[in-house]
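Using the hints, build the complex out of the two chains.
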Amino acid sequence: MIRRLALRRLGFLAALLVASVASILAHEAARSVYPHLVYITGWALLALMLVLTGYNARKKLPFLPLLKSSTWLQIHLYLGLFTGLAFILHLQWRWPGGVFEALLSALFVGVTLSGIVGWWISRTLPKRLTTAGGEVPYERIPVIRRALREEAEALVLGAIPTAKATTLADFYTGRLAAFFDGPANFRAHALGSRRPLATLLDDFIEVDRFLGPAEKETSAKLAALVRQKDTLDFHRTAQLLLKSWLFVHIPLTYGLLVFSFVHIVLVYAFSGGAR
Amino acid sequence: MSQGRTPSPDFDGTRYERPNKNWICGNTCDGCPCRIGPSPSGECRATTECKPQLVTPPGETKGTWKCTRPKDWGGPCPNGPLPDGTCCKSVPKCKPVRSLRSRRGLVTRAFVIACIALLLIGLGGSLRESFVNPAPLSDSHSSLEFARLAARQADLPAKEAGQGCIACHEGMNAPFTTLAADAVSSAKSGLAFAKLPTPHPKDFSRMDASCVACHTEHSFHQPNVARDTSCSVCHIEHRGSGPLTPVTSQHCASCHSDADQMRLAAEKSATLPASLFAKLSAPGVVLHPAGRPPGGYTQLISSFAKDHPEFQVIREKQTDKNTLKFNHALHLSGDTIPTLGGKALDCASCHQPDASGAFMQRVTFEKNCRACHSLNIDETTPGLELPHGDPVFARAFLRSLPTQYADHAKRTLGMANQREIDAYVKEKITGMRERTLSGENLERSVFFADAATGDATIIAGRQGLARARFAGCAYCHEVTPQGNAAPVVTPPQTPDRWMQHSSFNHAKHTAMSCTSCHGAHFSSSTADIIMPKRQSCVSCHSPQNRAGDSCMTCHTYHNPEPAGHAAVLEAILAK
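Listed in order, the protein sequences are those of chains A and B. If you read the first sequence in the numbering used here, its first letter stands for residue 3, the second for the next number, and so on. If you read the second sequence in the numbering used here, its first letter stands for residue 874, the second for the next number, and so on.
Keep in mind that the hints were calculated from the coordinates and are not lab data. Beta carbons: idealized from backbone N, C-alpha and C, even for Gly. Be careful, since some hints might not be right.
[Claimed, not checked] If you want the ones that stay clear, here's a sample from chain B, every Cβ over 12 Å from chain A, calculated: (1) 1143; (2) 1146; (3) 1192; (4) 1249; (5) 1279; (6) 1365; (7) 1368; (8) 1410.
[What the hints assert, rightly or not] A few chain B positions that, by computed beta-carbon distances, are all more than 10 Å from chain A: (9) 907; (10) 961; (11) 1032; (12) 1113; (13) 1229.
[Said to hold, decoys possible] Computed cross-link-like contacts, PhoX-like style, restricted to lysine-lysine with a CA-CA straight-line distance of at most 25 Å: (14) B/894 - A/70; (15) B/968 - B/924; (16) B/1194 - B/1406; (17) B/1216 - B/1198; (18) A/218 - A/70; (19) A/245 - B/968; (20) B/924 - B/939; (21) B/962 - B/944; (22) B/894 - A/62; (23) B/1216 - B/1240; (24) A/61 - B/894; (25) B/924 - B/962; (26) B/1179 - B/1194; (27) B/894 - A/245; (28) B/1179 - B/968.
Bound conformation, chain B alone (with noise of 0.2 Å):
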């Protein structure tokens, strides 16, 4: 750059290659361009500097040619036409140039041949998968095995299936037209502009069914579901190797919080019969008959910590129906209570996780109360014991005294002379009469006592240093009187689930203690369910707190179809 300033220099500001012209003189660059330029097809033009003119004046018949050089070009040039009227100063012929606007189109034009070629060979033959792929599928959905199990899907052979993509898309394999045809059409039903602002889920839908083609007993929720959810709403495909993308909390709130598909979710429920709601478990597990919401489960839930409703069981005061009487607060802190093995009683004592450590054993008297709890109905005779389960053979076990004293005495005593043995059994059977006067007595106090007329009271007197005394079965059990028959004990039922709708894993809490989340402490009562309130999870299941939140913690989208769904909708929809 120069000194400051520069002045414009001088050129004449009426002639210059106009940037719009597609050709320029190829003299240009030499800075001396033809007068003429090229044409607009890029043909040079020049041939001399001059078109000479007759001259002929008046009184002349042969005239004289005239050089008609314009001034700008030097004006009449001195040697004037030749005699044959062409003009002596040929321009040199070039090669004309294309300009810069001209030569920037031609690079555009060249770019976009470039890209179509590019289209043409990734969407046309073996590369299409690859090429059009937005993204690597999951583990599972990428595998040689999958490939085989869309090639026999799709009634091919397995090296015409590729990468498997045949599975989900139909026309991965079509010529372009038919997918442009394929776009058209999806454009004017299912992705209709109007459509796409619409604030639900996506509907079931034909890649769907290719879904549940391989996993079945996937397409249901609830039946009261008032709209079917693609399964390509929460389960997002084509976001790199690995396991699928998580399912997030917001999928579920997206109907979950949306107070339209929760009304019409909770009118359908109120058309569909009970039975359909029916929660399935796996055989033998009991679970706690909570009993199903009159508007079903439709309240408006965004996030667990922020309004998911309080646990039913404890929002509607649910008591537990088992009959057995069982006193947690007591067994935990009472004074009368022995020591086990020198340890006072905990809840480990007799609540023990089972094998996958997830939910916890069931209680039995066997595993859990008998080491406590003596059925011993002499307290003279250690070890001879009522047998329990079954009121009909405890009865029988008190008809059959003599004998049960003979055999206390053979097996245990170890007697072996039988004069020894009914002297044994003698005193035995007179020491009973004397304490309850008959056998009809006996069998009314151990059937029918109960705390508080039995022998458990004195418990306490025992100061732990020896197991309870038998006090009798209504103690424990619910037991109703048969007139001479043998009388009813209502089986315990202890639930295995609390809360079916929800699964809980208590190895992944064993860093807490369980009164911290059960208050068995302050429950007297068999009828109380000790079962933490929500807020005792959102205490740790936060945002604000380590434990995650999502719904899926505790929360399974998926249930098998319920048997006859179907017809009860078919039925529903005739009327």
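If we strip away everything but chain A, and leave its shape as in the complex, we get (with noise of 0.2 Å):
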């Protein structure tokens, strides 16, 4: 399997290099000889766009025959990086500096890279997911941990009586109820350090010299909690991450095509020079 899917990428790679070298030289070969060549990159550059487009459709029409979802996407991957290209080449080499190209040309730009971005996202959160453990649907995560802070709360009052001290109970007010009470630590979780929770975890060995046996015992199931709930605040952050990306790219997408509509009346509209 791994074998080829690493062969399916392997062939997407070479046919992106073999189009992308082909439309450079027939591109510079074109450019003296079609005047026309801009208009021609440009229709060029809009059905690219249109089919990148076309896989969001594709994802909610799930009935439609039309190749397997994770086809659809490894055309929208490499087709997008080709985009690219065709971009370049329909700017032919310069960067514009027009108002209204220039935010066209940002907007392009934005779509672009948020999608590289998503991908090299998609590429590596969920190796880290499957590598912490602990999967669970990113909607079920509130359920979760409420079920882990009244399990924690649990532990620490029935760990009063027996002890006959709050020591633990102190503890969990001073430094755990925060913790549990909802996500922890985004942004150590987006760079993938585990500071806080070895943190946590020292002032559990801190807080042990104080417990008695029992108490010992109630705390080393609530560092269990602390890990679970940990692990827990990873999903959110990472299944996070991978949801909100695309509150850039699609929104992006959708304006440049707005501008592109508008671009093209307006080359169309103001082309006396090809009438």
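This is the structure we're talking about:
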């Protein structure tokens, strides 16, 4: 399976490379011969953009027998990279100087870069999620978090009559209540840092010196819950990142389409030199 | 993250908020969403935990309300329904929140609306010109003067013409719907899909008419051009401030390396009268009559260094029709040539650049020849010289020789005594008569003696100590006898320009010696045209070397339209 995926990726990469080199050579050769080349590359670019946008529509129409979604994704990724090259060829290797065209180009660059970032996130975070374990649907995370909190609170409350002391309860109130109450350490999880968890677990070691044997047992269970909650927070962070890059990619895509439509109208309306 | 892989937590896999829902329960973030969830329009539907059911056992009429709370919510509650049949466990109301997907859609819609608003602001009103301008214009098309000119042409008040975009883009101030209609019309005509992959320059167009409104006489290239080319093919605007983007050789090659275009041009050329191709030049400038090749200048050329044909004067082995007899090689390297001011003759002795330095001044007898070539017909009377330029004057001079000697005695020798003058004249005339025997002989030797028969051959004996002795008019000129009338001396006609279809600037080539291009040392005949060969230019003007090899280095695209061009074309079309 992995070998097949690698082969498929290699095939797409080779196709991308060949298409890119061929496009550059053909474009440079045709540049001095075809005065309308910029219109041809423009329409090609629009067609590519529409195909890329079509992936979103394809996801909404799963019943249609139009290739597998994973194949569409692969096509979307490599065609997206090729579209970047088509964009450069359409601009004829120069950055536009006008306000409208600069905005249009910025939108295109934004879509492309957000796509690349999304691609990178989609390639790296799932591996980290698998390594971390504790798979859970994103929408179910609040319920599980609540269950963990309730379990932690029950443990702490249950330890008070046994120990006849509130040391562990105080530790929970002062140090762990906020942690269990909601999502925590988003930035640290996004950056792959384990420092917040390590600090919390160090605090457990500190407080253990003041606990009796029964409380220590409860403390160990509580530490296990902290680890579970930390994993849950990591899942929330990673899954949120996996979803949130689309908050940039998709709006920019539709904005780009709007600008592209106006661009076509303006180009054709002001193309007196080509009539 | 935990140490090692953490097992998945326990949760009810059948119950969670589906990601495709637009609204989720407001209590979800607290981990306790209600069972029913919000309505599709985002309203909370929470009421009670169950809907009690009235159970009426057989034989009873009243019946009992039973709790119907499902098992996964804890099963029937201990208190049971209230007497009126309502559930005792009411669910607190929440404020439903949008799902991530719904929020993404909202952000997308908001962004699209923002884009449309930005476009409306940019395209509407006074900002449009700056907003849609793809890049700054060249200096000449972005000045205030240009805007004023545009306003005048559009018959608008200056303030309404804005930055002058209207000069080229008629629809600049039109509503967007008009622009859209214009775009559709353009897409159906000149920019139709089928026409886009046409490997020819764009046709002359509406916008080009705007260009030639100011740039008169710039719409014409050659009478045999098969298809006119739009100004914007070569002169690309909106490429930043400064001068317009330089025209490149590729622009020329787009036609001149196109076999179809050149074939059509050659065919058209054959149908047009030669007079239409006459090269116009500045008044007084003499062009070498190179003649036009039968097919015109329609050879396929992709670049100067690669396949530009040999220059016409060299290729066709053309000759200089000038009747003046001149030997470059002799003057430059002949042992018999005297020095001039102690210096051997070189090219600059005769050829001096004009004020611009681009071309050479015309060589004249007075400036360049007289210093060596004396018109003195009597060696014993230095200073007495024939008039140059008109054979009638020369003959009159010869026929009034006694008067000329007397005048010479008075003016040059300062004689005042008439008897002394008469004696001087008599002595001179006697000497002349002894040498020439008669006036007819004298006239014949003056006019018709040439290099073979005249005295010039003895210049060599003078060892450069004096000026060359006058040999006879025919030594340099073509002299035709006219019976009793004065002979005709064909005026020398040295062309000022040898290659009329190209320009050259000597001032840019001063680092080179003249003879590195002009083979004057090897030319002994006036008929030799000692212009450089193409290869001589290519040795510097090629991509491999430093000098540029753009077509525009030597050629100019624009020409003034020849008189009658339109009428001739109409006549041909009518035929």
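Verification of the supplied hints:
{"no.": "1", "hint": "1143", "verdict": "26 Å, holds"}
{"no.": "2", "hint": "1146", "verdict": "32 Å, holds"}
{"no.": "3", "hint": "1192", "verdict": "39 Å, holds"}
{"no.": "4", "hint": "1249", "verdict": "65 Å, holds"}
{"no.": "5", "hint": "1279", "verdict": "77 Å, holds"}
{"no.": "6", "hint": "1365", "verdict": "46 Å, holds"}
{"no.": "7", "hint": "1368", "verdict": "36 Å, holds"}
{"no.": "8", "hint": "1410", "verdict": "23 Å, holds"}
{"no.": "9", "hint": "907", "verdict": "12 Å, holds"}
{"no.": "10", "hint": "961", "verdict": "23 Å, holds"}
{"no.": "11", "hint": "1032", "verdict": "22 Å, holds"}
{"no.": "12", "hint": "1113", "verdict": "6 Å, violated"}
{"no.": "13", "hint": "1229", "verdict": "33 Å, holds"}
{"no.": "14", "hint": "B/894 - A/70", "verdict": "24 Å, holds"}
{"no.": "15", "hint": "B/968 - B/924", "verdict": "22 Å, holds"}
{"no.": "16", "hint": "B/1194 - B/1406", "verdict": "20 Å, holds"}
{"no.": "17", "hint": "B/1216 - B/1198", "verdict": "24 Å, holds"}
{"no.": "18", "hint": "A/218 - A/70", "verdict": "53 Å, violated"}
{"no.": "19", "hint": "A/245 - B/968", "verdict": "24 Å, holds"}
{"no.": "20", "hint": "B/924 - B/939", "verdict": "9 Å, holds"}
{"no.": "21", "hint": "B/962 - B/944", "verdict": "15 Å, holds"}
{"no.": "22", "hint": "B/894 - A/62", "verdict": "13 Å, holds"}
{"no.": "23", "hint": "B/1216 - B/1240", "verdict": "17 Å, holds"}
{"no.": "24", "hint": "A/61 - B/894", "verdict": "16 Å, holds"}
{"no.": "25", "hint": "B/924 - B/962", "verdict": "10 Å, holds"}
{"no.": "26", "hint": "B/1179 - B/1194", "verdict": "32 Å, violated"}
{"no.": "27", "hint": "B/894 - A/245", "verdict": "15 Å, holds"}
{"no.": "28", "hint": "B/1179 - B/968", "verdict": "79 Å, violated"}
Taken one by one, the earlier hints fail for this structure at numbers 12, 18, 26, 28, listed in ascending order.
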